[in-house]
Amino acid sequence: MTLTATASTPAGVGSATLLDFADVAMRFDTGTVALEGVDLAVRRGEFVTVVGPSGCGKSTLLRIASGLETATAGTVSVSTKRIGYVFQDATLLPWRSVQRNVELLAELHGESADERRRKAAAAIELVGLTGFETSLPKQLSGGMRMRTSLARSLTLDPELFLFDEPFGALDEITRERLNDELLRLFTEQQFAGLFITHSVSEAVYLSTRVVVMSGRPGRIVKTFDVPFPMPRDPDIRYSAEFGELVGEVSHALREGHR
Amino acid sequence: MALDTASPVTGTQPPVPGQVPVRRRPAGGNWWPPAVAFIAIIALWYGIAGIFAAQGRPFLWPAPHDVLFALVAEPSAAATIYPALLNSVLVAVTGLVIAVVIGVIIAVLMAQARWVERSFFPYAVILQCVPILAITPLIGAIVGYNFAGKVVVTVIISLFPIIANTLFGLQSADRAQRELFKLQRASRWTLLTKLQFPAAMPSFMVGLRNAAGLSVIGAVIGDQLMGQGSPGLGSAISVFSSRIQAPETWASLLVASVFGVAVFLLFGLLSRLAVGKWFDLG
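Chain order of the listed sequences is A and B.
Counting with this note's numbering, you get residues 1 to 258 for the letters of the first sequence.
Counting with this note's numbering, you get residues 1 to 282 for the letters of the second sequence.
Honestly, the hints are just simulated from the structure, not real lab data.
From the three backbone atoms N, C-alpha and C, an ideal C-beta is built for every residue, glycine too.
Each hint should be verified, as a subset may be incorrect.
[As the list claims (entries may be wrong)] Between beta-carbon pairs, the in silico distance windows are:
no.: 1; chain 1: A; residue 1: 28; chain 2: B; residue 2: 142; range: 44 to 54 Å
no.: 2; chain 1: A; residue 1: 138; chain 2: B; residue 2: 269; range: 40 to 50 Å
no.: 3; chain 1: B; residue 1: 168; chain 2: A; residue 2: 54; range: 28 to 38 Å
no.: 4; chain 1: B; residue 1: 31; chain 2: A; residue 2: 88; range: 43 to 53 Å
no.: 5; chain 1: B; residue 1: 142; chain 2: A; residue 2: 27; range: 49 to 59 Å
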């Protein structure tokens with residue numbers, strides 16, 4: 001897969017830093033301050049999860065990183081063009097089959113039909129949807145739709161992968177399964193991940209670093225390094241150390257919310 | 001970091017293909033309640049015709065078999081009704097095609113920016129409220145009281161549902177879907193052709209179906225109002241009723257109604273073919 005990575009790394013940012021927020025603030029036209037003084041860097045091989053109360057600007061953080069919004073203050077450096085973005089909903093096009101949905105991004109970039117098909121087939125295999133290529137979204141379960149959405153982003157071969165609460169609407173079992181698959185993809189593909197979630201245990205399980213945000217205006221109140229090695233044993237969720245860390249993060253979340 | 005090094009899914013159970021349930025509509029459906037109703041209506045028709053006949057005024061309400069006779073066995077009536085049907089079909093189809101082209105163009109323009117929509121949509125609503133009878137002389141004077149005039153009447157009557165439904169459909173793609181395209185720096189044209197047009201299809205088909213029904217009404221009314229050019233069903237109905245030829249009048253009405261119903265069913269079928277696979281038409 002040859003996609004040109006643009007290495008427009010600004011001076012002062014480490015070569016492996018794919019996303020760097022420095023003193024970023026976001027004030028909407030309505031006067032609402034969504035973010036204030038956010039410093040955050042995501043390097044290759046890191047999976048950073050942001051947890052915070054509803055409406056604290058977590059999603060805004062992601063939208064700024066992707067270029068959908070522009071920060072009103074501070075500097076944002078993104079040193080790759082290969083950015084995957086997974087929305088809260090699967091955002092599939094209901095008239096397209098799984099195969100054609102996964103091909104969409106390559107199609108928008110004007111790649112040849114052969115190239116599209118090859119990328120889509122590889123991505124569909126990565127998310128375990130082989131055999132469902134001709135299914136329509138309405139024929140799929142919520143989890144399978146989300147897999148399709150993941151596959152679509154994977155065709156970009158992303159260096160920076162942004163996730164906006166992608167598993168929030170799924171049931172617990174599906175969510176845990178997709179967490180495992182995401183970790184497997186992360187260890188295989190070595191992208192930099194920035195993941196937004198409401199769930200503290202999901203955050204701790206998935207990430208190498210957990211960032212806790214306060215209520216509006218969103219500020220980073222605490223950062224936790226997650227010591228568990230990758231690839232992670234799914235049973236680590238039930239270990240005492242895991243529970244302890246979840247407790248600490250939850251505590252910080254409550255503190256920040258006050 | 002390449003997709004080529006795809007490894008099989010491990011540690012989880014991948015979904016099994018072929019287990020996806022597909023909802024199907026029961027084949028055939030329930031045909032007998034409308035059939036019973038049909039018999040009841042025919043019986044009622046005979047009953048009323050009998051009353052009018054007993055009063056010595058059968059020309060006001062002909063019996064069903066008289067109407068059928070005029071339709072299939074009376075050469076003079078048939079010689080008027082079937083060419084008239086053909087002429088009306090021609091007007092309706094021409095008017096509908098023009099309405100679709102104009103309506104879709106207007107809807108696409110309105111979908112490009114809020115201010116365009118806000119500026120022009122009120123006039124689309126006004127167009128719908130125009131009493132067609134009142135502006136007939138105007139249309140006749142400008143384009144003539146012939147085929148062109150009838151087509152204009154048809155276009156005016158059937159345009160609004162195309163504009164309103166297409167516009168609604170073009171705007172139905174949600175924000176996240178638009179952003180998906182925006183993130184890939186898709187052009188406005190790409191957004192239109194790959195997202196908005198397909199998303200608009202179900203709604204457009206509803207508009208098309210309504211407009212097709214209205215185009216039949218437009219063709220018949222336009223024909224009655226304009227009175228020149230090749231006579232259509234509207235003229236046939238006027239002429240027969242002025243001569244108090246009740247069975248022929250009713251036969252023309254029946255043909256016009258069947259025409260309308262046929263158009264409605266045809267476009268229902270088209271909707272199903274166009275979007276039924278992915279959109280639940282109910």
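Each hint tested on the structure:
1. A:28 x B:142: 44 to 54 Å: 52 Å, holds
2. A:138 x B:269: 40 to 50 Å: For residue 269 of chain B against residue 138 of chain A, whose Cβ atoms are near 21 Å apart, the range 40 to 50 Å is violated.
3. B:168 x A:54: 28 to 38 Å: 31 Å, holds
4. B:31 x A:88: 43 to 53 Å: 46 Å, holds
5. B:142 x A:27: 49 to 59 Å: Because 56 Å falls inside the window, the suggested range holds.
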